[in-house]
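Visitor: Sequence lines, in order, name chains A and B. The opening residue of the first sequence carries number 1 in my numbering; numbering runs sequentially from there. The opening residue of the second sequence carries number 1 in my numbering; numbering runs sequentially from there.
In short, the hints are calculated from the structure, not lab data. Accuracy of the hints is not assured; some may be wrong.
[As the list claims (entries may be wrong)] With a cut-off of at most 30 Å between alpha-carbon atoms, the simulated DSBU-like pairs for lysine-lysine come out as follows: (1) B:Lys218 / B:Lys363; (2) B:Lys218 / B:Lys292; (3) B:Lys363 / A:Lys63; (4) A:Lys102 / B:Lys303; (5) A:Lys63 / B:Lys218; (6) A:Lys102 / B:Lys333; (7) A:Lys17 / B:Lys292.
[Unchecked claim] Here chain A is said to cover these stretches of chain B; the calculated rule only asks that three of the stretch's residues, wherever they fall, bring their Cβ under 8 Å from a Cβ of chain A: (8) 16-28; (9) 31-43; (10) 304-315.
[Stated by the list, open to error] Only some residues are given here: those of chain B computed to face chain A with a beta carbon under 10 Å: (11) Pro220; (12) Gly249; (13) Glu356.
Fair warning: this is a prediction, and the values are worked out from it, not measured in the lab. Beta carbons: idealized from backbone N, C-alpha and C, even for Gly.
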Amino acid sequence: METPTDRVYSESHEWHKLEGDTLTLGLTQFAVDQLTDVTYVEMQPSGTGFDAGESVGEVESVKTTSDVYCACAGEIIGSNPALEDNPGLLNEDPFGQGWLVKIRVTDKSGLDSCMDADAYSAQLAG
Amino acid sequence: MLKSPLHQFHLDHGAQMVEYAGWEMPIRYAGIREEHEQTRRSGSVFDVSHMGRLSVQGLHAKRLLERACSRRIGTMDKGQCRYSLMCNEGGGVLDDVIVMRQDDDEFLVVVNAANREKIVGRLNAIVSERSLKLKLEDRTEKTAMIAVQGPKVMDLIAGVSSEIPTLKRYRFTVKNLMIMKLIVSRTGYTGENGVEVILPANMVPMAMKLLMKDVDPKDPNAVLKPAGLGSRDTLRLEAGMPLYGHELGEDINALEVGLDFAIHLDKTAEEDGEMFIGQEALIATRDSGGPKRTLVGIELEGKRTPRQGMAIRSGDETIGVVSSGCASPTLGKPIAMGFVQAGRVEPGSGVQVDAERAVLEGKVVPLPFYKAPK
Chain A
1 METPTDRVYS
11 ESHEWHKLEG
21 DTLTLGLTQF
31 AVDQLTDVTY
41 VEMQPSGTGF
51 DAGESVGEVE
61 SVKTTSDVYC
71 ACAGEIIGSN
81 PALEDNPGLL
91 NEDPFGQGWL
101 VKIRVTDKSG
111 LDSCMDADAY
121 SAQLAG
Chain B
1 MLKSPLHQFH
11 LDHGAQMVEY
21 AGWEMPIRYA
31 GIREEHEQTR
41 RSGSVFDVSH
51 MGRLSVQGLH
61 AKRLLERACS
71 RRIGTMDKGQ
81 CRYSLMCNEG
91 GGVLDDVIVM
101 RQDDDEFLVV
111 VNAANREKIV
121 GRLNAIVSER
131 SLKLKLEDRT
141 EKTAMIAVQG
151 PKVMDLIAGV
161 SSEIPTLKRY
171 RFTVKNLMIM
181 KLIVSRTGYT
191 GENGVEVILP
201 ANMVPMAMKL
211 LMKDVDPKDP
221 NAVLKPAGLG
231 SRDTLRLEAG
241 MPLYGHELGE
251 DINALEVGLD
261 FAIHLDKTAE
271 EDGEMFIGQE
281 ALIATRDSGG
291 PKRTLVGIEL
301 EGKRTPRQGM
311 AIRSGDETIG
321 VVSSGCASPT
331 LGKPIAMGFV
341 QAGRVEPGSG
351 VQVDAERAVL
361 EGKVVPLPFY
371 KAPK
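All chains, please: the whole structure from these sequences, using the hints.
Guide: Have a look at this one:
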C-alpha cells in the first residue's frame with residue numbers, strides 16, 4: 001500500500017492533510033489493518049475545541065475500541081457522514097473516502113512533530 | 001512462533017496473520033463480517049490446527065479421562081465425541097475439551113491451544129499419582145485440524161462421501177481417502193452444521209486441493225471460502241458457546257456457565273472407576289444453593305460494542321460483568337455474554353452495560369442468540 005505524500009503522520013497512526021487552515025484527519029492503512037473490521041465511528045460534535053494531542057473521537061472495531069488523536073489544536077468542523085451507515089469504508093479506503101473528520105486548525109505548530117510519508121513508512125518497516 | 005501446516009494456504013489466500021496462543025494464525029481474509037455472513041449463508045473453511053490434539057491409549061486410558069473430565073467417559077460409544085470440562089480442585093475450569101473415543105482404550109482429546117501444555121501436565125500428574133498404564137502422546141504438531149462449517153457444507157461433502165453426511169451430531173468416523181487417514185467428526189464452533197477434520201500435517205496440501213477443487217474463493221457465490229479466527233469468535237458468540245479466557249477460566253466455577261449437561265456430579269469411584277477432580281467442590285457449590293453468578297445473554301441498543309470486563313448494571317447497582325461482546329452481524333445489534341448475580345435477572349429484564357464513554361441499554365435474552373434453521 002502506497003503511503004500518500006500530500007500529508008503528515010503521527011506516531012499513533014493518524015494522517016493529517018492540511019489545506020489552508022482546514023485539516024482532514026484519518027487513520028493509516030496500517031492502523032485500520034490492526035483494528036480489523038471497523039464497526040462504528042463516533043467523532044466529537046461540530047464546534048468542539050481541543051488541544052494538540054487530544055482525542056477527537058473514537059473508532060470501534062471487532063477487536064477493540066480506539067481513540068483518535070489530532071496532533072495539533074483546532075475545532076471540529078464535521079465528521080464523515082458516509083461512515084455512519086458504512087463504517088467498513090474506513091477499512092476499504094482509509095486514505096480517501098474513509099476520512100474521519102474535518103478540523104479548523106487554531107494552532108498548526110503541533111504538526112511539526114509529525115512525520116512525512118517516507119519517515120512514517122520507515123517507522124513501519126523498522 | 002508455531003506455524004500451522006496450512007500456513008502457505010493462508011498466505012496464498014491473502015490472510016492477515018496474527019499471533020494467537022503461540023501460533024501464527026489468520027484473523028481474516030476478506031473481512032470478518034463477510035466471512036461471518038458467508039458461514040451463515042453457505043460455508044467456510046477454518047484452520048483450527050492450533051487446537052491441541054492429545055492421544056491417550058492403553059489399559060488405563062478411560063480411567064485417566066474419567067478422573068480428568070467432568071463428564072462421564074465410560075458410557076461413550078466408539079465413534080462418539082463428548083464435550084467436557086476439566087476442572088481444578090476448587091471447581092474452577094482448567095479447559096473445555098472434546099473427547100473422541102476411538103476404541104475401548106483409545107481416545108483423542110482436543111484442547112484449547114493456550115491450555116495444551118497445562119492439560120498435558122495435568123494428565124501426566126494423574127498418571128504418576130495413580131501409577132496408570134497408558135501412552136499419552138501430543139499429536140498437535142504432527143497433524144492439522146480443519147473445520148468446514150455452514151448450511152451447504154454437507155451437500156458438498158455428499159459429493160465425495162456418502163457416509164459422512166449420515167453421521168449424527170457428535171459422532172466421528174475414520175476415512176481412508178487415497179493414502180490419507182482422516183478423522184471426520186460432526187462437530188464445530190459456529191452454530192452451523194458441518195464437520196471438523198483431523199489429518200496428518202504432511203497431507204495438508206493435497207487435502208486442501210481436494211476440498212477446494214471445485215471452489216473459487218474469489219467467486220462471490222463460492223460455496224466455500226476461507227475464514228479466520230475473527231469470524232470464528234463472532235460466530236461462536238452468536239451461538240452462545242463459551243470461550244476459555246472469557247466464559248471459562250480457573251477462577252470461574254464450572255456451575256456458573258450453564259454447562260450442567262457436561263458436569264456429572266454423580267460420578268462414583270465404584271461405578272465409574274474415578275470421581276473427577278473438582279467434583280467434591282462442585283457438589284459443595286450445588287449443596288450450598290448453587291453458584292453465586294450465572295452466565296446470561298444480553299442484547300443491546302445502539303452501535304457500540306460491549307467488551308470483556310465492562311460492568312453490567314441494574315440502575316445504579318453493578319450486578320455483573322461482561323465476558324464477551326460483539327456487534328452481531330446476524331442480529332444486526334450488539335450482543336454480550338456476561339456473569340450476573342444469581343437470581344437477579346430473567347429473560348426480558350432490563351440491564352445496562354457501562355461502556356465508559358456511554359451507557360448501553362439492553363435486555364437479558366435466552367442463549368443462544370442464534371440457532372441455525374433446521
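Visitor: Now, for every hint given, state plainly whether the structure supports it.
Guide: Hints versus structure:
1. B:Lys218 / B:Lys363: Given that 30 Å is the threshold and the Cα spacing comes to 40 Å, the pair is violated.
2. B:Lys218 / B:Lys292: Not satisfied, since the Cα-Cα distance of roughly 50 Å exceeds 30 Å.
3. B:Lys363 / A:Lys63: holds (23 Å)
4. A:Lys102 / B:Lys303: Distance ~22 Å between Lys102 of chain A and Lys303 of chain B Cα, so the pair holds.
5. A:Lys63 / B:Lys218: holds (25 Å)
6. A:Lys102 / B:Lys333: Given that 30 Å is the threshold and the Cα spacing comes to 29 Å, the pair holds.
7. A:Lys17 / B:Lys292: violated (54 Å)
8. 16-28: Held - the segment 16-28 of chain B has 3 residues with a Cβ nearer than 8 Å to chain A, which meets the minimum of three.
9. 31-43: This one holds; 3 residues, not fewer than the three required, reach chain A with a Cβ under 8 Å.
10. 304-315: Answer holds; 3 residues pass the 8 Å Cβ test.
11. Pro220: Interface hint status for Pro220 of chain B: violated (16 Å vs cutoff 10 Å).
12. Gly249: violated (20 Å)
13. Glu356: Holds. Min distance 9 Å.
Taken one by one, the earlier hints fail for this structure at numbers 1, 2, 7, 11 and 12, listed in ascending order.
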